[in-house]
Amino acid sequence: MKKREVRVITCIICPIGCKAKVTIENGKISKIEDVECPRGEEYVTREIEAPMRDFFTTVRIKGASIPVLPVRSTQPIPKDKIMDCVLELANIVVDAPVGAGDVIVKNPLGLGVDIVATRDIDRVKER
Amino acid sequence: MAKRNVDIAVIGAGAAGLAAAIKAKEKGIENIVILERSEELGGILPQCIHTGFGLRYFKENLTGPEYISRFIKKAQDLQIEYKLDTMVLEITPEKEITVVNSVDGLLTLRAKAIILAMGCRERTRGMLGIAGTRPAGILTAGTAQRLMDIEGYMPGAKVVVLGSGDVGLIMARRFAMEGAKVEAVVEILPYPSGLDRNVVQCLEDFNIPLLLQHTVTSIHGSDRIEAVTVAKVDASGKPVQNTERIIECETLILSVGLIPENELSQTADIALDSATGGPIVNEYMETSVQGIFACGNVVHVYDLVDHVTQAGELAGESAAKYVLNQLPPLASKITLKAGDNVKSVVPQIIGGKEPVTLYLRVKKPMRDVEVTIGNLTIPKRMVKPPEMVVVDLTRQALEKLEKRDELKVSIGKRARK
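So the sequences go chain by chain: V and W.
Mapping the first sequence onto the numbering used here, position 115 (from 1) lands on 115, and the numbers just tick up by one.
To convert, count from 1 in the second sequence and add 127; that's the numbering used here.
The shape of chain W in the complex, shown without the other chains:
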């Protein structure tokens, strides 16, 4: 088997991987290779033809293809090497990467640093356990998006969407625009899983009903899906008897959550966080294995690509410093634990000295709250599950932070002053 040494190997050429590779190159690393299993660079963004990307990073309202093409062009201008149609089979803790493609055959890369940027996958029907038959016509929202907006197929003319995640809402609108009848978007929770903007512009604009506290309890049809049974659910999410009704459809779109894709992280014995499904990272985006960094949706699922890009740049810079022996050890090792109304925190480990941005997911919507980190409190007007809560910890704030091995991050009602 051919062997080759590289300074940095980046796994995945989506928003996170490209940003990481570009930053590492800009920081002086020459020998970088990006490994991408798809036939083109860009990850998921080429199929996200809607606008709303780049509002923070570029202060411009771009479509997915426009946003990512800026990074693709930059990577190409910087002459960063990439391999397409290339599958990574294994990563070892010693940073040996086994790669296969039709040009190199089987290849081993020995990297000084690795950046994991594999993104996430959609949850499927099998993970939901919906009763009924197994007909054709049941697709995840992302698959429908790829079929419609890259491959030019129309997956159905009468559609039910299960789950109100952003991709599901966006696909409800795409189906409506392409002439399909979208019968309903069915959401088990009492509030939508996607952003308000998408509820308004994807559902209300096209008169698509949003059935909150409802779910699909059964799927009907033999060759092709013919209908679904929809029922109300109680406060615990269980279907309520005698509320069932049948909605005819020929396509069921699933938008029921995304999971960081970490099979490779596991082959490298990287510690994962059960709350995020991704690697535990410190404020450099370094995983539990020295010299292996991670960024983007493989760490935890973001709602804005702008934040993914920033995380990628941070990982790229850290990996470059690591290779150059310039990555300083953390001042102390403070592990952040999710407390009240916090589902997850990234990074999970901070040094407590240098400025750091924390990304939190909350469990339920809450108004006029404060984020508590040890003895620090930061006010926020509103927190909602679909929107990542971003907390910037400045150097000044960190000077006051009590330095313990473990600190709880909680969100609660703001104390009246």
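Chain V with its partners taken away, still in its complex shape:
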């Protein structure tokens, strides 16, 4: 049986924000309508075939003046791996001091990216 699906994707490439109508047949894009430029078509295709997202969250930090350290992935990750990646980092606790760019988790879930700190946090003396 032929599986046909129509999805609406908002293009975010420029402020026009085309609402692209994408027809997908048997898992393949067969038609893209209502997009005004080739860059939009490219974006919409990527959004359907392999959407990627910047990834950022916090992890716990000990020995610092604040309890959380902001982190990001070095490259975007697949959209459907965001929550897996969040869970992977949920129990991470690092020790201060930390410098921006320090690798906090190497290659989580084999995604081919590292999770790095995005700010410096000094060590504070125990009170």
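No wet-lab data here; the hints were simulated from the structure.
Careful: at least some of the hints might be erroneous.
Under 8 Å between C-beta atoms, here's a sample of chain W residues computed to sit facing chain V [as the list claims (entries may be wrong)]: (1) I176; (2) N188; (3) V327; (4) Q328; (5) R508.
Glycine included, every Cβ here is placed at the ideal spot set by N, Cα and C.
Fit chain W to the given chain V structure using the hints.
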């Protein structure tokens, strides 16, 4: 009370203040001091842990902490003096600043020039007049952001967001990522207040419903918020009877607008623009009081920090020139007034000769438009309220501009050629 003379005092160490101080120092001013009420430099950016900063200024996709740390490091490398945990109590039109902190006590700074970079504040529940009880669990989006991403607290597991400003959208995603159920984002307007990018990546990605033309009409709960009543609104924004429904929640996040913070500007008798809520500035970012400059969200609320940095640099350069007696008078004084579909224009006063960048806020979305400034027209493909419209006026364009005391800036459908 101790007194001290400085060349330039910068009030606020966020993106605008740091950029201003760095630029002023680079332009040869040695005696600069930055006054910051928080315990660290950086303003709001340390808590903005998401990416999207610096795409224009650095041509790189940075997080908030990464973006601002470049300016913090530069300010420190340039050995610019700063005072943290320091509150400015008053500024006079004579540029005397009353400051208090636990190191200096009460201190008076006599500045040759002042740069205002105090940023903005969030609108709160009290400013909305929502009916109901006054339980715990109602927070502005920025407060929730600080709690989660700096202080490590989770403000609730079942959340409704009122208002679809960018910070609200970003917090909807943060709550979802941290395991909360975000029941809905409720927006009174027929279109989102935040950027498309954020609607897609913060709401659609996490299957969070966006209820356009809806609002929260009542808050329920005694100690802690338990639910909100949400209703449809009509074209005038009034709730429609019999459309109410109750959504259970334990946290209500407000993302309902930002207001430039100008109590200090008022103590210095600086003229404010009722459309922006910030000081009226000329193309040097100088306010109505000579030698007092302003930049960033204290002037008008920006959507991109990259533009805030640029405004800061402009104010810093102007203040440096002012101190060095090198700030030329404007060629003429042209006041720009908001016309059709324009909510506000910054700067409000231009000289009409040197190149200048105008920042406009529009009232409603419109396609294939032209921006009209007196007799000049500049085409734009699309204008939307969440996105500041940036208009660069070149020297050549300004040569053709009719020089009147007052010119209207309007946005309308492009005339067919």
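Starting from the hint list further up, note which numbers the structure goes against and sort them upward.
Violated hints: none at all, because every hint is consistent with the structure.
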